[in-house]
Amino acid sequence: MEPAEIIQHSGGAIGAAWLMIALPLVGAAVLLLGGRRTDKFGHLLGVLMAVASFVVAALSFVQLLGLAPGERRRGIELYDFIPGLAKVGLLVDPLSISFCLLITFVGSLIHIYSIGYMAHDPNRRRFFAYLNLFVAAMLLLVLADNYVALFVGWEGVGLASYLLIGFWQHKPTAATAAKKAFIVNRVGDFGLLIGIFTIFATFHTLAFDGVLANADKASSGTLTAIGLLLLVGACGKSAQLPLQSWLLDAMEGPTPVSALIHAATMVTAGVYLIVRSGPIFLGTETAQLVVTIVGVATLLAGAIIGTAKDDIKKALAGSTMSQIGYMVLAAGIGPAGYAFAIAHLITHGFFKADMFLGAGSVMHAMNDEVDMRKYGALRKVMPVTFVTFLIGYLAIIGFPLLSGYFTKDGIIETAMEHNAVLGWLAVLGAGITGFYMSRLVFMTFFGTKRWEPTAHPHESPAVMTVPLIILSIGAIGLGAFLILGNRFMTFLAPAVGAPEEMPSFHPFSLTGLVTLALVAVGAALAWMKYGRAEVPVVAPRGSFLTTFARRDLYGDALNEALFMRPGQWLTRLAVFFDNRGVDGLVNGLAAGIGGTSGRLRRVQTGFVRSYALSIFLGAALLAGAWLVVGNL
Amino acid sequence: MGESITFWVLAVVSVIAALGLVFSRRAVYSALMLGVVMLSLAVLYAVQDAPFLAAVQIIVYTGAVMMLFLFVLMLVGVDSSDSLVETIRGQRFWAIVGGLGFAVLLAAGIGNAVVGAPRGLTAATQAGNVPSLAELIFTRHVFAFEVTSALLITAALGAMVLAHRERSEPKPTQKDLSRQRFVAFGRTGKNPAPLPGPGTYARHNAIDMPALLPDGSVSPLSVNRYIARYEESQGILPPEVARVLEQEEAAQRANGHSTPTVADEARDGGPDTEPMAEEGPVEEGVVAGRVVSARADARSEEDGK
Amino acid sequence: MTTHYLVLSALLFAIGGVGVLVRRNAIVVFMCVELMLNACNLAFVTFARQNGNLDGQLIAFFVMIVAAAEVVIGLAIIVTIFRTRRSASVDDVSLLKY
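Residue numbers (the working numbering), protein chains in the order written: chain E, -16 to 615; chain P, 6 to 310; chain V, 5 to 102.
FYI, nobody ran anything at the bench for these hints, they're computed from the structure.
The C-beta atom is built at its ideal place from N, Cα and C for all residues, glycine as well.
Keep in mind that a hint or two might mislead.
Chain V stretches covered by chain P per the calculated footprint, using a threshold of three residues with CB under 8 Å from any CB of chain P [stated by the list, open to error]:
no.	region
1	7 to 15
2	18 to 30
3	36 to 50
4	53 to 60
5	63 to 76
6	82 to 92
A few chain P residues facing chain V, derived, Cβ under 7 Å [claimed, not checked]:
no.	residue
7	S35
8	L37
9	L75
10	L78
11	A139
12	L157
13	I158
14	G163
15	P197
16	G240
The whole structure should be built from the sequences, with the hints applied where relevant.
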């Protein structure tokens, strides 16, 4: 089934879709320009704008549902950016509205949670301004109807991410992490930018409808190039191999940021880009293959990193990488995988945000301690956090009937049909997920107390637990709601297309059973090692493999060796060349002229008779010359 | 024939005089040599049908300009610059090379400019030399002539402006000068009385004779040290003067003073220490140069204060 | 015959030039300049005779006038310099240098 035509739209909630972007943007502007005067109500305004944005998104969604499925792609023209070349408009279709709902809903909950989490931070107002800025940019990214506006949003979320990772910039680690995230993202953005240039050179337009409808007319080579360049952009933003290194360091930011930006929304922008540009990837098997390979490699890499991290947030970040790897894998497969990719994205947005916020709640209770080896036995002290976290945990490992079970299983089944190797690797990843997530839960909530003497854990206030509860409800039921009866696939079909034959859900397929068995084995291993046995407070040295995983698979070392050090050498070489070569030339010239002048000026002795002598000799010479010439 | 004799005599004289002008050590001799050259040239003008110019040459150059030179020479006096020792390296060598080259080139150049026999001025000066010149000056060249008058007036004014010195304080009267002398006496013990004239009590009325005090001894103040030194070198220093000088030196050594230098005496400015320009050979000239430079030092010290 | 006058004029001019270059007393230098001017005048007078018109004598006359003015001003300058520097040496006036 092919995607539907885009219909120009005006009126109603969809016509006012720009409000979704404008409201948080206004909030950010007021909070940033208003300065300390807005300190008192800043957090409330931020929450209000996020919620208002959600309301517009929800109304648009309702209006969209009221339309016939074939008419659900609505374009809203805003203005001519470059007349005849680039119009700026919004595209409200099932794909973008799904994202809008996720962003605004989870975003609103995290805004609310942040009121409590950031209560004691003197810069809370600025934090909310950045959050609002992020929401606006992210909505622009998903609502844009062309690649330029998408790129503006893309850069906007990058900026917000940078600002929020480095929000506690007084910590050198945070400042460095922010810089690292920004620089690594630049690499990806550069790829995306060149991809956009190539798109324009090929299709002479940047609007989605113009590009995607004509994608099959371009040559396969061009499409491969565009696809790979877009993939580079997606890798940068979604922390896929080989541009994954920034995500783990990005955990230096406040935990709500990690939940919103580095788990639920921004890092999924790459998946959105691949799904949105689906027709381009469909035209090139090479690019599709590369996408799936990147996805599988990342889901395994993230899972392996997750097994070794003692920092609760970094373990969750590894898990995020891994889960996005699943989504990218699904997105690389084509229309059969799109729905699962997006569905997993949405459910992941819920349960990962749930777990991140749960982790934040734990940290809040433990004096911002992040080392899981110093947790333990928190289930009784923090019952609400524990239960919600447990739900998120069960959802992510694919416990039957919870969200992750449906969406991840869908991805694995689709991958298995597409390519058995990819499928089995995905199954293996699911098994590792079972191990590391269980390890995380056992180390945090079970076992013995290994707290620091100063820690007095307590349950977080309602403003933090209520969002947890809401998110965990989503983590329970959303998967079943979306997947059963192919509800979500049918809904998305007008936007991204759908396979001719709708997949049917088999609760007891072979793959599903093997997956469940592997997950159970992983969880059991984790129980043996971290649940029943005593967890050492200081991490044991571990084998080579442990070190390998702890060092993020030597990603940073690789980057340093391949790019940073040669870059530094190159800079030093340039500096040397500038100092010795360019400056040497200029200075040498100046010194030469200066030295010559210094010697020449000695001719000016000040003695009139010397000057007279030179005049006299000159006159004699002239007379001689005159005689010679005159006699010729 | 007559012209040839005149020319050859005057040419030789003028060239020798010109060389004398350049190479004589004393500026006064140079001036006199210049006068010889100018007079020779005046005669050569006259020989060449230019009686008016000959007259003007004598009146203006030998008369006015030479006098002016001599006046200024007297004003400036003997100077270290009269020394013929060259101070700029290579200057003399290149000057002579240039001079020889110029002479040869000019001789070759304008010496060959003449073609054929001279036409003579008989045709051009039928009304006489002066009226013909006057006609030219007041008809064709009248504007240039008027301009030269402006030039001369400007030059006269310029000379006045340059030579004029504005007095910044009233001229000291004799009373002021006397008071100054006694102030100096009170401060340094300098004798306020005029220096004794040479030979006041002497048997001879000559400048080299020291004055005698009433008791018949020699007054040290009156001893002219230049003359004393000259006489010492010649071995004709009168014994009484030598004794006085020795006593003075001994006394000054006892007082811890150094021997008074020529410069010190020059600064004292007594009539007996006036340098004798016309006296003695080379060394004298150098000494005189030192006197002048010492004066210049003193002046610059005053300026510094 | 006129050639002899011209050669004499050239000789006197060159001698004057050498004098300007080797003498340090400003007044003597000035005299040497006068010598050079006189040598020029001799050449003018000779050319007047050679060419049979009075223009040469006329220009010699003007040269004399200008030389007279020049002497007045030059000597005044020398006196002024001597008054301030107590020296008539052209080498002493050498502050304007490197």
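Confirm or reject the coverage of the region 7 to 15 of chain V by chain P under the rule of 3 or more residues with a beta carbon closer than 8 Å to the chain's beta carbons. Three-residue rule met by the region 7 to 15 of chain V, so holds; n is 9.
Three residues minimum, CB to CB under 8 Å: does the region 63 to 76 of chain V make the cut for coverage by chain P? Let me know. The restraint on the region 63 to 76 of chain V holds, since 12 of its residues have a Cβ under 8 Å from chain P and three suffice.
Would you check whether L78/P satisfies its interface hint, that is, whether its CB is within less than 7 Å of any CB in chain V? holds, 6 Å
Closest C-beta approach of G163/P to chain V relative to 7 Å, hint status: holds, 5 Å
Assertion that chain P covers the region 36 to 50 of chain V - criterion: three or more residues, beta-carbon distance below 8 Å: Satisfied; 9 residues make the cut.
Residue hint P197/P, partner chain V, criterion CB-CB below 7 Å: Hint violated; P197/P Cβ to chain V Cβ min 27 Å, cut 7 Å.
Interface restraint verdict for L75/P against chain V (beta-carbon cut-off 7 Å): violated, 10 Å
Hint check: is the beta carbon of I158/P less than 7 Å from a beta carbon of chain V? Given a least distance of 9 Å, the restraint on I158/P is violated.
Do at least three Cβ atoms from the region 18 to 30 of chain V come closer than 8 Å to Cβ atoms of chain P? n = 12 at 8 Å, threshold three: holds.
Is the interface hint for G240/P satisfied, with its Cβ closer than 7 Å to some Cβ of chain V? violated, 34 Å
Answer holds if the nearest beta-carbon of chain V is closer than 7 Å to that of A139/P; otherwise answer violated. Constraint on A139/P not satisfied, violated at 10 Å.
Less than 7 Å between beta-carbons is the criterion; does S35/P satisfy it with respect to chain V? holds, 5 Å
The structure does not agree with the numbered hints 8, 9, 11, 13, 15 and 16 stated previously, though it agrees with the rest.
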